[in-house]
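From the two separate chains plus the hints, produce the assembled complex.
Protein chains in written order, with my numbering: chain A, 1 to 171; chain B, 1001 to 1178.
Don't read these hints as lab results, they were simulated from the structure.
You may find that some hints are simply not true.
Not the full set, but computed from the structure, chain B residues with beta-carbon under 8 Å of chain A [said to hold, decoys possible]:
(1) Ala1115
(2) Ile1117
(3) Lys1119
(4) Ile1145
(5) Ile1146
(6) Gly1148
(7) Gly1160
Interface residues of chain A toward chain B, partial, derived using beta-carbon atoms under 8 Å [claimed, not checked]:
(8) Phe138
(9) Arg140
(10) Thr153
(11) Phe160
These stretches of chain A come out as covered by chain B in the derived footprint (C-beta under 8 Å, 3 or more residues) [as the list claims (entries may be wrong)]:
(12) 142-149
(13) 162-169
Predicted model, so just to flag it, every value in this text is computed and none were measured.
For each residue, glycine too, the CB sits at the ideal point set by N, CA and C.
Spelled out from the first residue to the last, the chains are:
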Amino acid sequence: MANELDIVGQIKFAFYHLLNLILFFGVLYYLLKKPISEFFSSRSLKIKNEIDKATEIIDDAQKTYDENSQKIDFIESELTELRNSIDSVTNKKISKIIENAHLMIDKIKNDTTDIIKLESIKLTNDIHIEVLNKSIEFTRYELMSDIDETKDTMLISSFFEEVKQNVISNN
Amino acid sequence: MSSATINDLFHALTIGTLSKHELERLYAGLSNFIDTFNSDRSIKSCLINDIYPSSLKIDIISEIVSDCKHTRNFLEALIEFNLLKTFVDSREFFLKKLRMILGKIKIEVTTVNTAQIEKLQLVRENLENIWGENLEITFKEDSNIIGGLILQVEDKFFDGSLNGKINELKNLNLEGEL
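One chain only, chain B, in its complex shape (with noise of 0.2 Å):
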């Protein structure tokens, strides 16, 4: 009932009345949001919780996405229908829409090492020699995986490490154990 009522609201703001790179700008701004509601607890716990008023969980998203009005007025719209936690809930599907409707994919590259400069450059080449050049990147550090890297596509699962290889080997065995 919630998600559906967020669902027009959300497609009252993506369908047809705004431009390309105002949609960008409204992916970039919710996506900013997302990321300071979960990196800090103080914002998180006042804008779910019903004990504070709407308008000071208005003023902290004004300051949060002060520089995307569309962002704005659709969180606000919201609060206002107390359908934020929901949306929170359910952040990565939204996002999601966004992203498809940009043309836009998300990948998180997995490596051994984020600082080699040259090996992330050959990295995102070969994702935009894949994909295309409309790429989310986003590297993470994984000392574990030994070699190679793994890949986050969307809803799919690359995993070209040496870490997955040799799991890969010892699931076999393990099959042919049993």
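Extracted from the complex, chain A is given alone in its bound form (with noise of 0.2 Å):
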């Protein structure tokens, strides 16, 4: 009999505990709903604000990585146009150098040979007018070693044969 006391006083026990726990979790529930709930619903927005911020920051970062792609994609083709027409006109200069170089070296070439024929016609005229100084000086002192008085009066009478038909022709 007294174990049977004891077992409904441990369940009235247990029972009022119970009920005192649900009590406690309903008054609990109660004062606490409202302000936990309002606790996670602004902390619920807060995150989605700054889910949404940085949505937009990762947009924005994106819009910019892009453009920046873009511009480097942009940059990238302007250096390689700008290289195309660096070698183009490299080459171009090249060319023309070239071209100019093989122009001045037949020029030269042409001059060198003009000069070579002028100094060789130079030099056979030089030859030529020396001979013939030496042939006039030769024929100068053979004159002058063999002029006498009835050579040179000869000479002086066939002279004046010659003007007087001078005059008389320009008369």
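Structural data, given as structure tokens:
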């Protein structure tokens, strides 16, 4: 009998405690429902805002990245163009310089040929003139030793004949 | 301008007023004056320099051409008009003009040797035979001509020298070369 009382007492005890607990939870639920709900709601909103901001930042960053990528692509294409243009100009200049060099070489070659020809003619002429001068000198020397009174008089007489003819024809 | 004034004086002197004999004396006087002018540097510098007075110049001229009144008057007129230098610069022109008036021909003969009188006589005869007797002949010696002679008859030049023939041949050869 004592055991039975104990069990009932225990059940009662357990029941009261359970009831207290339920009441406690009920009061707790009643008191904390609104602030916790508000707290989580505001937190959720805050997190949502932060997520939105982050998304926005990510979008902006993506946009900037795209723009920069585009710019880099543009710069790269410009660089390629520039490189090609420089290559083309350089090639053109090189070919022009080579062409000019060839022209100069041809001109120098022709000039040198002409100069050699002219120098050769000049030398030949100089030699001829020198030979002529020597011959003249020799002739002069021969004539000086050969001329005498009679020959000089004959020369003068013949010269006067020439002069006379000249004067008569001019008159 | 100055030359024209000399021309006027010259015309006044030579046209009609003087006889042939006087013109001959005028020519001789002017030739003598020019020879003296060319040979004497002190006279030359005195006559062409403006710092000397005209009276001094006239005195010098009177001494040089004392025997010819017309020459003296002409030169004095030139000094008076300050035209003496212009006259001296163009002396050959006026002497030639006078020679033309006188019918005289000036001949300069260049020979190897002017000491050979016979040859000079031969030359003179030949020249007179060609241009008549009214000649003013001067002989010049130049041994470089080798033989023959060179004649300068007024403006005409006749080269009958051996040196001239040689040069002629040389020039012909040179022309052939070129």
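Hints, verified against the model:
1. Ala1115: Violated, about 12 Å.
2. Ile1117: The hint is violated - Ile1117 of chain B has no Cβ within 8 Å of chain A, the shortest such distance being about 13 Å.
3. Lys1119: holds (7 Å)
4. Ile1145: violated (10 Å)
5. Ile1146: With a minimum Cβ separation of about 5 Å from chain A (threshold 8 Å), the hint on Ile1146 of chain B holds.
6. Gly1148: holds (5 Å)
7. Gly1160: Check passed: Cβ of Gly1160 of chain B comes within 3 Å of chain A, closer than 8 Å.
8. Phe138: violated (11 Å)
9. Arg140: Since the shortest Cβ distance to chain B is 6 Å, the answer is holds.
10. Thr153: OK, holds: Thr153 of chain A within 8 Å of chain B, min 7 Å.
11. Phe160: holds (4 Å)
12. 142-149: holds (count 4)
13. 162-169: holds (count 5)
Checked against the numbered hints above, the structure breaks hints 1, 2, 4, 8 and satisfies the rest.
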